[in-house]
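Q: Can you build the whole structure from these sequences, using the hints too?
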Amino acid sequence: MSSRLFPLIAIILPFLLSFSAQAEEDSYDWQKQIDSFFGKYAVQPLVSFLFWEIPGTEHKINISPVFEFSSENLKNLTGKNYIRGLYSPVVAKSKSKLSIQSIEFIAQRYQKTDNLLIELPYSSRDELVASFILPRKIKTVGETFDLQSFPLVVAWLLAGALFFTLKMRFINLRLFRHAIELVCGKHDNPSNRAKGEVTHFQALTTALSATVGLGNIAGVAIAIGTGGPGATFWMILVGFLGMSSKFTECLLGQKYRKIRKDGKIMGGAMHYLSDGLRDLNLKHFGGFLAGLFCILCVGASFGGGNAFQVVQSLDLIKTVVPSLGSMPWVYGLIMTCLVGLVIVGGIKSIASVASRVVPAMCGIYLLACVTILLFHFSDIPAAVALIFKSAFTLDAGIGGFLGILIIGVKRAVFSNEAGIGSAAIAHSAAKVSHPAEEGIVALLEPFIDTIVVCSMTALVIIITGAYLDPANQQFIINDQGGALTSAAMGSVIPWFPYILSVAVFLFAFSTMISWSYYGERCWVWLFGDKSSLSYKILFMGFTFLGSIITAKNILTFSDLMILGMAFPNILGMILLSGKVKRSLFEYCKSKSLQI
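If you count by my numbering, then the sequence shown holds residues 1 to 595, one letter each, in order.
Errors might be hidden in some of the hints.
Quick list of the computed label-pair ranges, beta carbon to beta carbon [unchecked claim]:
1) S326 with I537: 20 to 30 Å
2) S433 with G528: 43 to 53 Å
3) G578 with S326: 50 to 60 Å
4) G287 with S433: 28 to 38 Å
5) F288 with S433: 49 to 59 Å
6) E586 with A159: 18 to 28 Å
7) R169 with S326: 34 to 44 Å
No wet-lab data here; the hints were simulated from the structure.
Where is the CB? At the ideal position from N, CA and C, for every residue including glycine.
A: As structure tokens, this is what we get:
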């Protein structure tokens, strides 16, 4: 395998190493320029295009009262002069303008008038570095409000998950036990020579290695930091409904896969969108949806499946290896080489690594979470009650409620990927006797990923109160969720961040190698088999890029690509849902299962 990697390294290393001399001289400037270019020309245009908000869904977030304060202790004040709490009823307005460099975000949670949040343009928020003390003398001068709209993509994902749950008669509950039996091999038939490249367990762990990643550690922390404990409830609900979406897409992935003469499996959403809709006399429409899906999936593999994993794991590892703070490109270079060693081997190599890494990383992380929760065992009931209470809070009006809901849905989908079609690529390679068999196995993914792992992270952050600690607000502002989770664990046992760093590295690495396969399959569908090498080079380039681009830009780009995949995928799945239901009933009848 390593010999095949040499051409890749020979091509990409000069590009990577050319940064090193300049980095040592003036690392901040060139990294900032790349980040600014990425945000301006990649992120912002996509925000406008993909995150279209549904007209008529605007709701006021009631923010009152407005406080006015003196700025005698602030000098050289420039910039915006507006401060408010995120989804909170507290706002402050200064008599003079405030400089970006003078302010540190301090999250407002419980109407404390000295904990306020500044309202700044998106591009400026990550530049806040210094801090100041708000003057004690403040007075009420009026009321104001903010608007919160409901993005179409969030409504689309919720509607799709609910549709499949009802259409498949709550398969997420009815066949949950059977799914566990399939993974454990209880229904395996030794005489059955099913075609495929990997086993049920390997397909499940490959897909899990893509979903159980930094979204479970960093994404959950970001959700709670920005939306409060209530976002956890919506994440769990979306995870439950998403089990049906995952079943549907993975059954279709098996049903419409293609087995080449060399034994390699070609499957995934692009195949059931093109071939499945052709069967419905929608050939051209299916081809369009498949092409759109592939473009978005390639982008998602570069963003959420690659650069996001690098930047979030780097943010956490920097807390235990401070020297990486001045030269983050070193971490990017190391990750680039390690990922390259695995991805050149294809799905068998990826599945082999994933089947070993995923159980280990989940075990390490869950053991750490359980230990923290045991230290705060008596606080668990209160934390659970706070999650439910905060999920339906109207303290900040309907707009505030929508804000919490949207944050929870986005982070859940980013974490478990139900409805976006990515897992169908991994599960299409599994050895099965019936397509429904693999779909049933796949419905376990959102349960493990969101309902188990994400919930554990959420409880740790809520119980320790890390999201309320002013010392951690810089992590929330800069979307450094991994660092926030590390701070939560470190507040209980000081050396726990070291254990978390190991788990985070494994999470990031496993996610990256799985998403490289997803992206490559879509790239090959678009450009042919001979283009595979060029994709791997680009993927490794984005691995390095993730070490020098800010977390906020990467997070936004990742959301755009991954959530965008839901538009063509769910539409195609709805059109093909009749075939899915017939296939499910056929399988249940053959196994004497009730559905």
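Q: Could you run down the list of hints and mark each one as holding or not?
A: Taking the hints in turn, this is what the structure says about them:
1. For the pair S326 and I537, the supplied restraint of 20 to 30 Å holds, since their beta-carbon distance comes to about 28 Å.
2. Evaluation of the 43 to 53 Å hint for S433 and G528 yields a failure: the beta carbon distance comes to about 32 Å.
3. A beta carbon spacing of about 58 Å between G578 and S326 agrees with the range 50 to 60 Å that was offered as a hint.
4. Checked against the hint of 28 to 38 Å, the pair G287 and S433 passes, with Cβ atoms roughly 30 Å apart.
5. For the pair F288 and S433, the supplied restraint of 49 to 59 Å is violated, since their beta-carbon distance comes to about 33 Å.
6. At about 27 Å, the CB distance of E586 to A159 agrees with the hint of 18 to 28 Å.
7. A beta carbon spacing of about 57 Å between R169 and S326 contradicts the range 34 to 44 Å that was offered as a hint.
Hints 2, 5 and 7 from the earlier list are contradicted by this structure; the remaining hints agree with it.
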